[in-house]
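K.L.:
Here is how the chains run, residue by residue.
Number of protein chains: 2
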Amino acid sequence: MPLTDVTENQSLNERTIMRATYMYGAGDVRIHEIPDAALQRSTDALVRIVRSCICGSDLHPYHSMPDTPEGSPMGHEFIGVVEDIGSEVATLAKGDFVIAPFAWSDGTCQFCREGLQTSCEHGGFWGGNGIGGGQAEAVRVPFADGTLVTVPGITEDSPLLPSLLSLSDVYGTGWHAARQAHVTNGDTVVVIGDGAVGLLSVLSAKQMGAERIILMGRHQSRTDLGRAFGATDVVAARGDEGIAEVRELTGGHGAHKVLEAVGHAPAYQQAVRTVRPGGIISRVGVPQYEEAPVGFGSLFGGNITLTGGPAPVRAYIEQLLPAVLDGTVNPGLVFDRTVDLDGVPDGYRAMDNREALKVMIRS
Amino acid sequence: MPLTDVTENQSLNERTIMRATYMYGAGDVRIHEIPDAALQRSTDALVRIVRSCICGSDLHPYHSMPDTPEGSPMGHEFIGVVEDIGSEVATLAKGDFVIAPFAWSDGTCQFCREGLQTSCEHGGFWGGNGIGGGQAEAVRVPFADGTLVTVPGITEDSPLLPSLLSLSDVYGTGWHAARQAHVTNGDTVVVIGDGAVGLLSVLSAKQMGAERIILMGRHQSRTDLGRAFGATDVVAARGDEGIAEVRELTGGHGAHKVLEAVGHAPAYQQAVRTVRPGGIISRVGVPQYEEAPVGFGSLFGGNITLTGGPAPVRAYIEQLLPAVLDGTVNPGLVFDRTVDLDGVPDGYRAMDNREALKVMIRS
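In order, the protein sequences belong to chains F and B. Sequential numbering from 1 applies to the first sequence in our numbering. Sequential numbering from 1001 applies to the second sequence in our numbering.
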């Protein structure tokens, strides 16, 4: 049983144990009781988690993680209530409702100031380096002032919880895909992947003024949601056939912008073959490959730009929040199943089997 | 002997044969007498070449071209005088002094209208598909209205000829590198390669407001010219040592923009390791590789953008011309040797041996 979150300040908490999700190898997800999360540093906040969720990227280790006896804490998307703060935390108070981005960051380094918090000089990701995961009852949040975004007036029974939770990762990641591609009025955009990030890339492209949005995906319940988010065309075919369909839909030349929300090598190939000369491929699916074609016949000859990376969602939460709060957009529609912590292992199974699009966890 | 340029309209020309450069395999460059270039289509112009040159990219086949009995016409950079025009040519007249970009283009398709003439739907490159090369006495120019740019008032003894010739490729290509990288005021820019394109990437970055320009190159006469063009630092070391020096010069993080003007795989690796998180790698060296690292550990994790390609120099000539004409810039300084057509084979040898930076040809 992992003991990475041993508290040194037990008296601050009423609880002394909590439950959290660990992965021990491919397909092996378990819920454990571990010492409760607690403040360690003066810049920490302790957040009691209200909702968290399972990410498409969690399925990568679910497929391929080597056996790991000590386990790995899981979950990097959560919303919750501040239960305690360290002495140096200035912008948060106990009881604040907060959104946590999928990377924590100091908020003060040059990269944070530039809005690239995923490259924070002192930051990191949940579930590593002594920081717990979000698929749990509570989490110690480092650099709480830099990391967390408060949302006034939200209660634990708010119907907005799913959409607020989507700001933790998938909505901001879809936004990043479209933003890095400089999607603009009149663009034709191809979105590869009908997972939550792909669908929210559709929504984001629509918000940025794309005229035509071609969603490549083959699960009709998902592509129907994609149409609701703004997709004008759906291409269910894959491989050469799917590429030919997209090229036909785009006058033979391909799309100005291709948003790749999968991360597997065939999706990269699909992007290369559906983008227009002078166009942009923006990747937000975590690449499950290191080498790929970039030479004259793929990117260079047609002056194709390749961009993207881990979304600095911290930079986008405040920007995207108003339209979520006033109901203009409803990115929370990507959640189609809710489980409690005991249901998390089955939630992984359901997402892996494509029974569920995205599973929300009620802690 | 190639007979691709057989004229159907011999009467328009006083000459019936001309000399032109052909490559027959690695290291095998010869000058031949061939039937003179002549108009074939109503949209053609016939240009008598005043100056042409040898390109760093000509050295790629010079190193690796398989034996080719029929030979391949060489040269894609030239300036000259319009000797004749087809009946549909509207913007040119006999006697006009013109700059030819390294790709010919119709000037009317969607890509030309967008300024990406290297992806012209009906365009192509010199030396293929029945179009001759520029290292010759004359050339038939397809889509003359779309392809050529006239420069009023230039005579064949103008001291501006070298700089005007640089607009055919290397200056526009350096400009493209910097432009695609969105070089802007205050940027730190690394330029990889001290060939003509690398040096003119320095000049272009300087013109766009870069504050610090680190030139990676190890030929002092070239890097001295790089300093004259605006380089603030020169790193002569290669490999790990050179990368460490650049990182030290950039506070450990790398540069905002890296302009890669070489095209070999090690230069790509160098770019990946000297670019800052959130930065842009812009390639204009023709890649001599197809696959390269693009995954989490190279591009994705740091949100690095990879851009570049064959420069649509046609889009830049008019923009760059005024500063050339009024002497604000002198990109022609990259030419450090001039030969006549008979001297072309030795010119290749001299560039290959790094005796010469860039060889100009007096036709």
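To be clear, the hints were calculated from the coordinates, so they are not data collected in a lab. Treat the hints with care, since some could be wrong.
Coverage of chain B stretches by chain F, computed from C-beta distances (three or more under 8 angstroms per stretch; other residues unrestricted) [as the list claims (entries may be wrong)]: (1) 1038 to 1049; (2) 1187 to 1195; (3) 1281 to 1289; (4) 1306 to 1319.
One-sided and incomplete, this derived list gives chain F residues near chain B with beta-carbon spacing under 7 angstroms [unchecked claim]: (5) 122; (6) 125; (7) 184; (8) 287; (9) 302; (10) 306; (11) 342; (12) 346.
Pair ranges (Cβ atoms, derived) [what the hints assert, rightly or not]: (13) B:1028 / F:252: 36 to 42 angstroms; (14) B:1108 / F:63: 47 to 53 angstroms; (15) B:1128 / F:124: 24 to 30 angstroms.
For each residue, glycine too, the CB sits at the ideal point set by N, CA and C.
K.L.:
Now tell me if each hint is right for this structure.
P.N.:
Results for each hint:
no. : hint                               : result
1   : 1038 to 1049                       : violated (count 0)
2   : 1187 to 1195                       : violated (count 0)
3   : 1281 to 1289                       : holds (count 4)
4   : 1306 to 1319                       : holds (count 6)
5   : 122                                : violated, 14 angstroms
6   : 125                                : violated, 11 angstroms
7   : 184                                : violated, 14 angstroms
8   : 287                                : holds, 4 angstroms
9   : 302                                : holds, 6 angstroms
10  : 306                                : holds, 4 angstroms
11  : 342                                : violated, 33 angstroms
12  : 346                                : violated, 29 angstroms
13  : B:1028 / F:252: 36 to 42 angstroms : holds, 39 angstroms
14  : B:1108 / F:63: 47 to 53 angstroms  : holds, 50 angstroms
15  : B:1128 / F:124: 24 to 30 angstroms : violated, 52 angstroms
In summary, the structure is inconsistent with hints 1, 2, 5, 6, 7, 11, 12 and 15 from the numbered list given earlier, while agreeing with the others.
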